[in-house]
Amino acid sequence: MMLERLKLVTLVAEPVLEERLTSKLLELGATGFTVTDSRGQGSRGIRASTVPGEGVRIEVVVSADVAAVILQHVKDEYFPSYAVIAWVAEVEVVRGDKYV
Amino acid sequence: MMLERLKLVTLVAEPVLEERLTSKLLELGATGFTVTDSRGQGSRGIRASTVPGEGVRIEVVVSADVAAVILQHVKDEYFPSYAVIAWVAEVEVVRGDKYV
Amino acid sequence: MMLERLKLVTLVAEPVLEERLTSKLLELGATGFTVTDSRGQGSRGIRASTVPGEGVRIEVVVSADVAAVILQHVKDEYFPSYAVIAWVAEVEVVRGDKYV
Amino acid sequence: MDPIKSNLLSPVALAFALGVVARVIKSEFSLPRDVYAALSVFLLFSLGLKGGVELGHADLSVVAWPAVVTLALGCLTPLSAYAVLRGLGRFSVSDAAGIAAHYGSVSAVTSIAAVTFARGMNAEPEGFMPTLLTLLESPGIHIALAIGALKTAKPGQSVKSVLHEVLTGRSMVLLVGGLIVGLLMGEQHWAGIEGFFDTRGAIFKGALTLFLLEMGVVAGSRLSDLKRVGPFLLGFGVLMPVVHGLAGAWLGTLAGLSVGGATVLAAMAASASYIAAPPAVRMTLPEANPTYYLTASLVITFPFNLLVGIPLYFEAARWLHGAGGA
Amino acid sequence: MDPIKSNLLSPVALAFALGVVARVIKSEFSLPRDVYAALSVFLLFSLGLKGGVELGHADLSVVAWPAVVTLALGCLTPLSAYAVLRGLGRFSVSDAAGIAAHYGSVSAVTSIAAVTFARGMNAEPEGFMPTLLTLLESPGIHIALAIGALKTAKPGQSVKSVLHEVLTGRSMVLLVGGLIVGLLMGEQHWAGIEGFFDTRGAIFKGALTLFLLEMGVVAGSRLSDLKRVGPFLLGFGVLMPVVHGLAGAWLGTLAGLSVGGATVLAAMAASASYIAAPPAVRMTLPEANPTYYLTASLVITFPFNLLVGIPLYFEAARWLHGAGGA
Amino acid sequence: MDPIKSNLLSPVALAFALGVVARVIKSEFSLPRDVYAALSVFLLFSLGLKGGVELGHADLSVVAWPAVVTLALGCLTPLSAYAVLRGLGRFSVSDAAGIAAHYGSVSAVTSIAAVTFARGMNAEPEGFMPTLLTLLESPGIHIALAIGALKTAKPGQSVKSVLHEVLTGRSMVLLVGGLIVGLLMGEQHWAGIEGFFDTRGAIFKGALTLFLLEMGVVAGSRLSDLKRVGPFLLGFGVLMPVVHGLAGAWLGTLAGLSVGGATVLAAMAASASYIAAPPAVRMTLPEANPTYYLTASLVITFPFNLLVGIPLYFEAARWLHGAGGA
Ligand SMILES: Nc1ncnc2c1ncn2[C@@H]1O[C@H](COP(=O)(O)O)[C@@H](O)[C@H]1O
Ligand SMILES: Nc1ncnc2c1ncn2[C@@H]1O[C@H](COP(=O)(O)O)[C@@H](O)[C@H]1O
Ligand SMILES: Nc1ncnc2c1ncn2[C@@H]1O[C@H](COP(=O)(O)O)[C@@H](O)[C@H]1O
Ligand code: NA
Ligand code: NA
Ligand code: NA
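First to last, the protein sequences are chains A, B, C, D, E and F. Using my numbering, the letters of the first sequence map in sequence onto residues 2 to 101. Using my numbering, the letters of the second sequence map in sequence onto residues 2 to 101. Using my numbering, the letters of the third sequence map in sequence onto residues 2 to 101. Using my numbering, the letters of the fourth sequence map in sequence onto residues 186 to 511. Using my numbering, the letters of the fifth sequence map in sequence onto residues 186 to 511. Using my numbering, the letters of the sixth sequence map in sequence onto residues 186 to 511.
Please note: incorrect hints may appear among the correct ones.
[What the hints assert, rightly or not] Listed below are the simulated DSSO-like cross-link pairs for lysine-lysine, each with C-alpha atoms no more than 27 Å apart in a straight line:
| # | chain 1 | residue 1 | chain 2 | residue 2 |
| --- | --- | --- | --- | --- |
| 1 | C | 25 | F | 211 |
| 2 | B | 99 | C | 99 |
| 3 | B | 76 | D | 336 |
| 4 | A | 76 | C | 99 |
What the hints contain is simulated information worked out from the structure, not anything from laboratory work. Please read all numbers here as calculations on a predicted model, not as lab measurements.
Work out the full structure, taking the sequences as your base and the hints as a guide.
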């Protein structure tokens, strides 16, 4: 089967950022996203939400270019003041043309 | 430590498909699966469940062969009419022989 | 942008182990972790929790060395008697120096 | 106050409207998923229990005819809906069958609202209405799905597994299970829990109010879909219930139901399922567009019945009873 | 109606049966996890509060002997369970200790069902029963885990951390915390919230009914495990409770408890924990097979006590009181 | 019993303390997130409904002055808090504005606790207090955020979107929505659901007790943050409420409120928001340290008001009314 090589960007962020981040992702070129609720702990320990550690885990399958733009945006806009982590993995996607 | 190179297939699908998909995965050769609840948005915008965007995120660690069979099945059976996305990543698994 | 190549270790384990595992992860060198609730099925079928299949899915971004130590620990301490699965993937991380 | 106005100012109608408004002003407010589910468990189980206790007092001969007409409505309403959608609306087989499955089944909350309304009008419905509700829930779904399965080449899932799905679904377990539990436990045990489960009590009505607040949010979040379904379905979502409702009021009256009972049967016939039908249709008729059936049942027909339909069916039932001699 | 039959037709027993049936017919019905947790919070906290209010009225000298025999039961029941499982059942040390920890502890819901049952039989239990419940919860777990830890080389987790886990577990916080809050707040404040938390009220009983509906689902989903545990454990899950229950009824009567109080103490002794014990055992004795202890406590002993055991202990308590002169 | 002692032994105060203790002893106990959310929906909606029903009876001229002083408090309290934090406390603009937004807004639960307390002291507050609550919720947040936005270069998010966020937030929808629903539905419909939603009833008080149990857990889990905020904020979290509370009691009395009403207005002015303000501040002033504003409002000011502040404001209101002639 034809699989397309794409990037899977995963962001874990404070819940308060969910709506802002997901609309930005679409704006930056993502065609969709998947969100799950999470809890966790990090090194900076910004205890940002009423219950410390609550987060949203946002996954987005995108082209390498869009991935780079997303990461740059997250780094510039969110890393300085928010509890956010971002990582990228290589994935192969079925009908990947839909997501670029 | 001995790690086995295997495939991690991730499916995000409408909740109504959970049971059907997971039994099929086992039938196709998976030895297990992990499910989390998700919400999201996609390009096709089938507003399939009462609350649009609700989904289940199914992860399954399998051999490359089984991965191919699973993806083919999902593509043929579900892509035409259902809100489903599928991607595959390379992973290394502890005691990977258990999962093939 | 500078991205650091790191490892993403994912553990799916019985809920009863959450606290023990996450503190151990920090002890072994992880700087943080992200947890989501899951359900699933596996080959060993230890029906460990009141509701069979309930689990916690723990993700941790670490250096390759720490990843190896974590996997060894999980293999030695948890594989014999607990329902646990562990896999590792390659990821690229924004500001990855924070996580090593 | 006249029935329609009183109905529009009832807590359930106002709570539903508040939910819709909250969504229209883009509020993030919504009840947690699990709490919404818990409320529906409570409402359905209460309905079943109370119905079971009442059924214990009922004379079988009094229940027989209403049961027969209820089953008749369960067979006729999906057929009439299918015929209208296919013949006049030019919908595809899958879409027509999918929508018909919803209108052939029943919305428990609409039936509860009708019971509350009738009581407020001093027309206490028969105690065995929950029994009729369970009879009406599944036949319509199966008939419509059977049409769809017969007429389309590649059914999404075996009919048998979907039949099982519907018959063992949440509302069936709670309603039928509640009925049996209510029947078996008897008056004395019921007395101990009546203060909690009584469908006439404040807890039940309060839970219903909160449930409708969230239903308003859900309906409101699909409001934009109204544009996507086209004018035919808009009209269908209002007129089909009226036809089914009047048929229900008429058959109910013929079968000997009181004004209250005929009103509730009418509301049940007029209502469209939005709990049992959607997953069954989604699995069996994947080509049917969910936007059509979800919007029609949830965004058009449900609020129409809640706000306008129920008082209308009540007036019809009253008129039919008057014509019948009272 | 005779006690056993009346008990089988109580809402809690019927709701439990309905939950089991729902799972047997493979219904997808189940209460959301969080709602189930919330119900148990409400039940345990109500029990604690009410117990605290009652404890405020109690004479310390009246509580002393019952407390002593309760602690004695907390030490004896894990030992007897361990001896039987190891000696007769030939279970491994871990398995025997793991199961014994469950039977040495207590199921709060069984104790609540016993209170409700005794009241229905006009044998109001002493108000300080919740105090006894808290005394009985943890010793058994610790004794059994200590045996397991001493006899197996590699304990899963330090005994200290598990001890902490059990003593600060949800049921302990709610029961002990509720007791203290109830004691401190006094009658006047209690009057303001009694309508909500009263363990005799409809809300409490309704919540208990819903809780048991879900417990039925949980037990039903483990029903297939009955085949895996073997005939010995099946017999153990029925006979061990009877032995512990009769011991409880006898010691309770000796300690001066009323028929109702002795029934409840018996039910507590007979019951097996399925909230506090499973995680403690899972962490400390990883080699113990969870299928054994979860099936025995949840699928065998819990329903047995609920349906048959409680009326039996009640008859025993009545007989013991009769023999004792009344 | 004297007010303070009676207040300390109220179920809500004790439940809060129990929650804190549970966390201090490192218990894993906590209410599920969704249940906590559901309780707050119920409390806020009940408050709104009841307030709406009462508003229907109120004379507009009686409400006018209290509304004016409430709005005045909504403008003054964020300014005074900002001035103190910046001038005396030497906090950064962002931190000062972020904390001021919390103290300019209001904690609904504190206001509910004040209503319950005043009633217990036979000083029934005016029925339109929930109306004042809605007036007081948002101005303070907006004023403080505006200061922050004007004085810092790079605002986290457009002020417009945050204004929308606050005005359509959960508590606004439930309070304002509830008010309108309560106003519209009228006495007769209210009678049917009063047993569930009545803020004087046992269900409301029971839900409040459970809510405070969890609030105790949340506050307890942030207890260690007390060390991080420094002595100034500790003092601020106790003294600022007293100043705002006395101002509220005085202005309320001037505006013609009864002792009960003035107490509740004082408690509202003294309270710091922990539902509406935190996300608004987090989005608009990302440089403001959340540990400061969450610890001050949730761990210091909330318990202070709950345990000591409310009785104090009550005494002040009584004294002011006495001085005013009664
Ligand atoms: N090394 C890590 N691995 C996985 N998740 C992490 C890691 N570090 C932080 N996180 C997640 O990112 C959130 C914020 O972390 P931080 O900004 O470092 O305090 C945490 O609550 C975790 O959910
Ligand atoms: N590009 C994407 N990245 C991550 N998840 C996606 C993406 N596109 C779609 N999804 C997920 O797949 C579901 C269905 O998408 P679709 O079929 O494209 O409407 C959505 O609800 C998302 O959860
Ligand atoms: N092949 C697999 N792919 C993904 N998750 C798995 C797989 N096998 C097991 N799991 C997860 O690991 C848990 C324990 O599995 P096991 O120990 O094999 O019974 C299951 O409940 C699943 O959540
Ligand atoms: Na219908
Ligand atoms: Na026991
Ligand atoms: Na304030």
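Status of the hints after comparison with the structure:
1. For the hint linking residue 25 of chain C to residue 211 of chain F, the alpha-carbon distance of about 18 Å falls within 27 Å, and the restraint holds.
2. Proposed proximity of residue 99 of chain B and residue 99 of chain C is contradicted: the alpha carbons are some 34 Å apart, above 27 Å.
3. Proximity of residue 76 of chain B to residue 336 of chain D is assessed by CA-CA distance (about 24 Å); at most 27 Å being required, the pair is judged to hold.
4. Using a Cα cut-off of 27 Å, the hinted pair residue 76 of chain A and residue 99 of chain C holds, with the two alpha carbons roughly 13 Å apart.
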